Structures are given as C-alpha cells and as structure tokens.
Amino acid sequence: LSTLLVNPEGPTLTRLNSVQSSERPLFLVHPIEGSTTVFHSLAAKLSIPTYGLQCTGAAPLDSIQSLATYYIECIRQVQPEGPYRIAGYSYGACVAFEMCSQLQAQQSAGPTNNSLFLFDGSHTFVMAYTQSYRAKMNPSCEAEAEAEAMCFFMRQFTQAEHSRVLEALLPLGDLEARVAATVELIVQSHAGLDRHALSFAARSFYHKLRAAEEYTPRATYHGNVTLLRAKMGSAYREGLGADYNLSQVCDGKVSVHIIEGDHRTLLEGSGLESILSIIHSSLAEPRVSVREG
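Each step along the sequence shown adds one to the number in UniProt numbering, with nothing skipped, and position 22 is 22.
It should be emphasised that the hints constitute simulated quantities derived from the structure, not laboratory data. Computed from a predicted model, the values in this text were never measured in an experiment. Among the hints, erroneous ones may be present.
To be verified - In silico SDA-like cross-links for lysine to any residue, where the CA-CA straight-line distance does not exceed 20 Å:
(1) K253 x R218
(2) K45 x G261
(3) K253 x A219
(4) K231 x S63
(5) K45 x N17
(6) K45 x D62
(7) K45 x S270
(8) K231 x A284
(9) K231 x L276
(10) K45 x T265
(11) K45 x S18
(12) K45 x A219
(13) K231 x G269
(14) K231 x N245
(15) K45 x A284
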C-alpha cells in the first residue's frame, strides 16, 4: 500500500525503465492516486524509454490547466522539442489530453503530430464519476463533497463502512480536519504508513477531484487520439458513449480499442499485452496529420 503514496518532496518526473534508444520517450501521467506504480509492468515491457509523471508537492492542483502546464515544463527537461508521446490513465487521461491541447496551442498553426494514448479515461471521465455521487448530495454543501472525497480516498486502504466514515467526517470543521481524521482512520489498520505522505495524498486527492470537475477543454484538439477502454465497465460510464465523449472535443481520428479487464486491471495480464501491442504498432506508423491525410 505504501507504493500508492508519493513522497511529496520527491521528483515529479521519474524514469520508469532503462531502455537505451534514440527514440522519443513515452511520458505516462498518473491516475488520481498520484503515483506511477501502476505503470511499472507496462514500462518494463515497452521497447522505448519511458518516464512517469507523479503528483508531488510541486504540482499545482488549482486546475487541470495549471497541472498540465507544469507537467509540460517537466517533460521539456528531458525532451525540449516535440512531437511528444504522452499517455494518461484514468484521471491522468484528462491531464494528458490537456497537455496535448496546450502543446497544440504552442505549436504553430501546422498539424499536431503528438501521440496521445488514453488508458480508460478522457476529459469527462472523472466528472461522470463524481457526478454519480454528487447527484445524491446537497449541491451547496462543501462539507459533504469533502467527506465523500475522503471516503473514496479511504477505499484504497480500508474496507471501513462508507456511512460510518461519513458520519465521522461530516461534523468536522474544514478540509484539514477531515484529512487528519481520514489519516487516523487509515493508520488504525495500517500503522506502518507514513502520516505525512498520507495527509498529502488525501488533501491532494480532494483538490484533484475538484480540478477535474471544473475542467472544460478550451479548444478542439486536432490530433489523433487512441483510447484503450476497459471491457468491464461501471454504471457511471454508460453515459459517456463508446469514445468517452472524445469526439466532442477532438476532430482528429479517435481510435477506440476494447481491453480485457476492468478499470483497475486493464494494465495487467492479457490487457497489458494488448496495450503494449497497440502502443508499439501505433508509434511505428508514419505520423500523417488529419488535415493532410
């Protein structure tokens, strides 16, 4: 479980494999937990240099736009010039999409040749998820939103009963008090976990959720997008459409591949093998822009 926790003082960009190659690297953006641990099996089998972006204390969480801008600065330290290869998983898909949108805006009016892979996520994926529980809440009550977010955060670590945790967190005065109480509840069953890293993770989990809820892409994306969608879906995903609403914000080609497993397991087992083959074959293709082709 400690691998789910990011050292807040650690580096944002980390090398995930040791492949020596002149090929442009692939940059992987973390899921909502903030850690890149979930990518280790994938990175170990990729034939290109691979880096992970993890959510450290240096990452601004006021908006998806701010986070994407910061991550672009980080990848430019490794690769100063595009085109870029970027992938994001779940929450990270939203951030990766915004990164490619910003890179498109920074490049001249010409075609965008960045490669964008989304692992079971999109610009609206997280919002569909949060709306599924926000619908049950009093919209003006931020205390409820904070308490619900802490319950979702806790699910990674403990099987504590949802209603019991909500009852404990709702009367507290503010987010900091709810974060502190959440940390106490988690360390009751996991005494070895680092409290500092846990409180950072819980607090940033809430801010990341808020940023995703408020995110709307500012421009149409003209590049191609590859969506790798989990075969087994949850109810909240049904309103997202087959392409997770990507065609609403992208006029390039959206390729959708169905991957064995569910949202949590698609980067394992047979799903992982499919993803590897899709990434490798996609990156081997000549990059023809939509506008030219």
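When the hints from earlier in the document are held up against this structure, which numbers fail?
Violated: hints 4, 6, 8, 12.
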